[in-house]
Structure formats: C-alpha cells, structure tokens
Amino acid sequence: MSGTAQLNVGSKRKRWSSDNISEIMLYVWTVLVLIVTLYPLYFIVIASFSDPYAVGNGQVWLLPSGFTFDGYKELLNHPRIWIGYRNTIAYTIVGTLIGLAVNLSAAYALSRKDLFGRKTITLFFIFTMFFNGGLIPTFLTIRDFGLYDTFLVLVLPFAVGVFDIIVARTFFQNSIPADLWEAAQVDGCGNLRYYFMIVLPLSKAIISVLALWIAVGHWNSYFNALIYIKDDALYPLQLVLRNILITNQMQSDMGTGEAAQVALRLANMLRYSVIIVATIPIMCIYPFVQKYFNQGVMIGAVKS
Amino acid sequence: MSPYTLRIKRTAARISKNWGLYLLLLPAVVLLLLFTYKPMYGVIIAFKDYNPSLGITGSPWAGFKYFEKFFNSYQFEVTLKNTLYISLYSFATFPIPIIFALLVNQLRHNMYRRFFQTVTYMPHFISTVVLVGIMMILLSPGNGLIGNIYRLFGAEAPNLMGSSGLFSSLYVWSDVWQQTGWNSIIYLAALSAISPSLYEAAKVDGASRWQMVRMIDLPMLMPTAITLLILRIGGLLGVGFEKVYLMQNNLNISGSEVLSTYVYKIGLLSAQYSFSSAINLFNTIINLILLVTVNQISRKYSENSIW
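Read top to bottom, the protein sequences are chains A and B. Just so we're aligned, residue 55 is where the first sequence starts under this note's numbering, counting upward by one. Just so we're aligned, residue 153 is where the second sequence starts under this note's numbering, counting upward by one.
With the rest of the complex left out, here is chain A (with noise of 0.2 angstroms):
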C-alpha cells in the first residue's frame, strides 16, 4: 500500500506531483471530519463543567467558562436517574446473556449441513426480518402473557435477533472445520457437549462481538420500555432521560421567582451532566472488543 511513498524515495527531488496534492487534501477531509465528528461530544463535555449562564451567553467554545461541579452534584438529588442505572444495567445483563444463549446456539445448529431441515428453519428465522404482526398485535399477545409491566418483557420475548444469527452462522462455518466434528464423533462426542466444550472456546471473537451488539442495543434502547414498561420503578435509564432532555419534565413542576431561577438553572446543568453519565460506560466497553472486530468477523457478514 506504500506505492507513492516509494515512487517518491525514487524520484528524489520533492515535488508537487497530483499524488501529493490528493495526499495533503485526504488528510485535510480527516481533520474536517474528525471535527465535526468531535466537538458537538467536546461542547457538551465543558458545558457540563460550565455556568448555564455563561454557556447561554456564548463564552463557552473551547474551554469550560466559570467551572463547576454543580451539574453532577444535581445528578444526586434526582434518585429516578439512579433508579433507571440500575435497571438498565440489571436488563443490560440478563438481556445479554440471554440473547447471546439464544442467538448462539441456534446458530450453531444453523450453521452444520447436516442439520435435517435446515433450509426449512433458516427461512422461518428469516421471513420474521421481512413480516411481523406489527405493534398492536405484538402489544396485545404480549399482554396476554401477563409480560406487561414487568422485568422480563425487556429480556426475553425480542430475544431472537435474526441479523445476530445469520452472522454467527456464518462465522462457524468459516472457521470451525468440519473435520473437527468427525474426529469428536469417533471419540464419542455428543452434539451438546461439542457445542459446549469445543465450539463455544473457539468462537470468543464472535461472542464478543455479539454480546457488543446486544448489550448497546440493551444500553440504549427505549421503543419497548416505552411500550411495555408503565412502573417508575422498573424504567430503563433511557426513559429517564428522555423525560429529562426531551420533555423536559424537570422544568414543569417549578414555581416562579428565585426558588424557579435556581431550579431552571440546576435543571438545565442536568441535562449536561446526565448524558455523560448515561454515555461514558457504553463507549468504554468497545475499545475492550474493538480487537474483536477484525476483518474475519465482518467478511462473514459480507458474504451473508
């Protein structure tokens, strides 16, 4: 991939050859987008350390202006956003780990040619990416369950993820070879078992990028806590803060006078404050899986 950076060496005198221009204006297109890309997260960061009012007045661009804390001490007199922490990393991890039983093993059955039936199931998987019943018939047959309202509607009923296993598929038939199953066989070896204690310690680069998907998707959904959740008690974070940044529930229950302009002053410093709270953990799990995400994963997706 280093052809001009050679051509260049050969040529000796530097000159401004057409290569050269389009390598300085591709570096330029990185700067723009890594501006672009940045500096709305970077504004919000040192807004949540600044004076509402000096963030109102435009002081605020590249620095916090009259720094304080005051937006997080505000995160501790809200016990709902905490409330809704701790649920949505409790649905966070009994949802993962649901999804990636459910998801993985399917999977694996999918992915064996020798699986009776196999076209027949692959296309009742997916024909559900391309037909539903739609919203009220899904609300109502979940209701019908007795899962309204309750922990477990978040977790298990939209735990098949078809996309998730049409890429897992695809990975174990890559790269567990065939051969393997056979040697297992003449030893003795169950399905089951192969599954577990071979399959599963060959596949973590699946997993993990498995188990990335579905625990953001968990992290950061809303649709079906909005749907199916109705108690306080059991709102996902995601529910919290959108009553907090987008319906502004916080503003509606104050008064007027100075009592009014300290509350509107600690709410709007809220809205800062909890989107890094409820962002920092997500973006920290994927520098840990990133190495994950390699070609071998992806090429599976391709070709699927």
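If you're looking for bench data, these hints aren't it; they were derived computationally from the structure. Warning: the hint list may mix true and false statements.
[Stated by the list, open to error] Cross-link-like lysine-lysine pairs, in silico, DSSO-like; alpha carbons within 30 angstroms at most:
no.	chain 1	residue 1	chain 2	residue 2
1	B	Lys233	B	Lys395
2	B	Lys190	A	Lys284
3	B	Lys169	A	Lys167
4	B	Lys169	A	Lys258
5	B	Lys217	B	Lys417
6	A	Lys167	B	Lys161
7	B	Lys417	A	Lys284
8	A	Lys173	B	Lys190
9	B	Lys169	A	Lys173
10	B	Lys452	A	Lys167
11	B	Lys161	A	Lys173
12	A	Lys167	B	Lys190
Use these hints to put chain B onto chain A, whose structure you have.
What follows is chain B alone, placed relative to chain A:
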C-alpha cells in the same frame, strides 16, 4: 414396509441422530413462535372490529373498513408523503459510507488510520435519546451552540427543531453524522479482502491512485453495496419510530408525522386497535412488495440477490 413408512423412518433417524442440535434451536424457535408468529395471526384484527372482551377470534369481521378509513383520512396523504420523503432523502445518502470507506482505505499511516476509525465509530454508540437530546441542546435558539453562532453575527437564531420543513434534513444529516463511520466498516472489510496483486498489476501498468480506486476498489464494493441497497429499499416505508418520535413536537408535526408514529398514536395512545393494525399492515405489505420487486430486478441485471 411401504416406501412411505420407510421415508418417515429415515427422517426420524436423521432427526434423532442430531437431536442435540434441535435442542439448541429450541429456545429461539419457541420465542419466535410465541412472540413473532403468534402476533402474525393477530394481524387479522385489521379486518375486524376488535373488542377486547370478545378477543381476536370472537370479534366481528369488518372487512376493509379500516383500510378505507385510513385511505380516506386526511392523515393518509400527510403520513405517506412524509414517510416516503424522509426515506428517499435518507436513501440518497446511501453512497456516503462507500465514499468514506474508499477514502479511509487510502490512509497509509496505520496509527492515524486506527485513531480516525475509532473516533468516527464513536457516535454510533450514543443512544437515540441522547442524540436527540444533544441536537435539542445544540440547536436551541435560546442558549444552544447555533444560537450563539447566530448571535456572533448579530442575527436572531431560528428554531430549527420546531421547523417542519427542516425536519427531514435534521433527521437525515444527524443520521449521517452518527452512522457513517460505523456503516463504512462493512465496506472497509470488503476492501481489505482485495488481493494486493491487483494493485501491483495496476501499478506496473502505470495506474494512478485515483485510477486504482475507480477501477479496482469501487467494482469490488459493488456486490456488498447492492445487497445492502436491496435491504434498504425493503425498509423504504419503515422510517424508524424511535428517532422520529423523539424529534417530534407540536411545531414540526406536519413534517414529522410518519406511518410508524401514527400507528403508535392511533393504537396505543387512543386505543383504536383495529385501525392501527390496518395502517401497520398496509405499511408492512408495501415494504414487502418493494423488497421482492427490487430483489427481482437486481437478480435479473446483476446476479445479486438476497435469496
């Protein structure tokens, strides 16, 4: 023994030989049957006057009453127009991740490239609620970033989030901001699978960098791009509920009411179950028709097909 019983026996033997695999499939199959296939049966309430006390089966038939009601309503034109407009708009940004991947693929400095990729993947991990929250903060005319920029030039900032005309642009471009890096992963993976010998051969022939991108990289990305394109078209009327609903407010509603938000409001907020299901079914069927048609066309002209 008749050939028929022989066949059953052989099938039974093939199943029992791998019974463990069926056990592994069981949880996913049961969940889909209960929570995805069972509601498919419930779709018939779109053709009924659903009454909770009579249940799905017991409710009287209503034929196409609710479909007609929707087609004749004022909301039909508005929601369909908005849904199509926003979909087509966001569909038009389809090439952006491809161009992005082609450019990233040109970065030779490995450390910088990895840093660049990590940073551009980051927004993908932000939740929709937080994204819309950030947009509201930055775009607020009172004390947002946009407000400050306008005041810097002595102008009064418009209320961008409350504009029905700008709704689609905000929706689409915030998506581009959030997802371009992430969506380019799949193309970068395809690019990294290209054999280096192709580039070497091109270099021997005196190809410039731009020529290699055009003649090697781009054609190699086409199969991936077409597959993703077909899937996108299948979802043309499936403008996501989550972000639209969050971005919606009384001021922009005429530009932001789409099929999925309307289905939610009619169904769960005003409890007109049959009416809502009819609109939902209409939406699903159009999507299905689009998907099959496009797939057929693609199969005919490019040998790319998703099934």
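For the pair supplied as a hint, Lys161/B and Lys173/A, is the alpha-carbon distance within the 30 angstroms limit? This hinted pair holds, its Cα atoms lying about 20 angstroms apart.
Lys169/B and Lys167/A: Cα distance at most 30 angstroms? Distance of about 13 angstroms is within 30 angstroms: holds.
CA of Lys452/B to CA of Lys167/A, is that 30 angstroms or under? holds (29 angstroms)
Compare the distance between the alpha carbons of Lys169/B and Lys258/A with 30 angstroms, and conclude whether the hinted pair is satisfied. Distance of about 28 angstroms is within 30 angstroms: holds.
When you check the alpha-carbon spacing of Lys190/B and Lys284/A, does it fall within 30 angstroms? Holds: Lys190/B and Lys284/A sit about 24 angstroms apart, inside 30 angstroms.
For the pair supplied as a hint, Lys167/A and Lys161/B, is the alpha-carbon distance within the 30 angstroms limit? Holds - the C-alpha atoms of Lys161/B and Lys167/A are around 20 angstroms apart, at most 30 angstroms.
Between Lys233/B and Lys395/B, does the CA-CA distance stay at or below 30 angstroms? holds (18 angstroms)
Hint consistency between Lys217/B and Lys417/B [alpha-carbon to alpha-carbon, up to 30 angstroms]: With a Cα-Cα distance of about 19 angstroms, the restraint between Lys217/B and Lys417/B holds, given a limit of 30 angstroms.
Does Lys169/B pair with Lys173/A here, judged by a C-alpha cut-off of 30 angstroms? holds (18 angstroms)
Next pair to validate is Lys173/A with Lys190/B; report whether the Cα-Cα distance is within 30 angstroms. OK: Lys173/A and Lys190/B at ~22 angstroms, within 30 angstroms.
Restraint status (C-alpha distance of Lys417/B to Lys284/A at most 30 angstroms): holds (16 angstroms)
Tell me if the straight-line CA distance from Lys167/A to Lys190/B falls inside 30 angstroms. holds (29 angstroms)
The earlier numbered hints are all upheld by this structure, with none contradicted.
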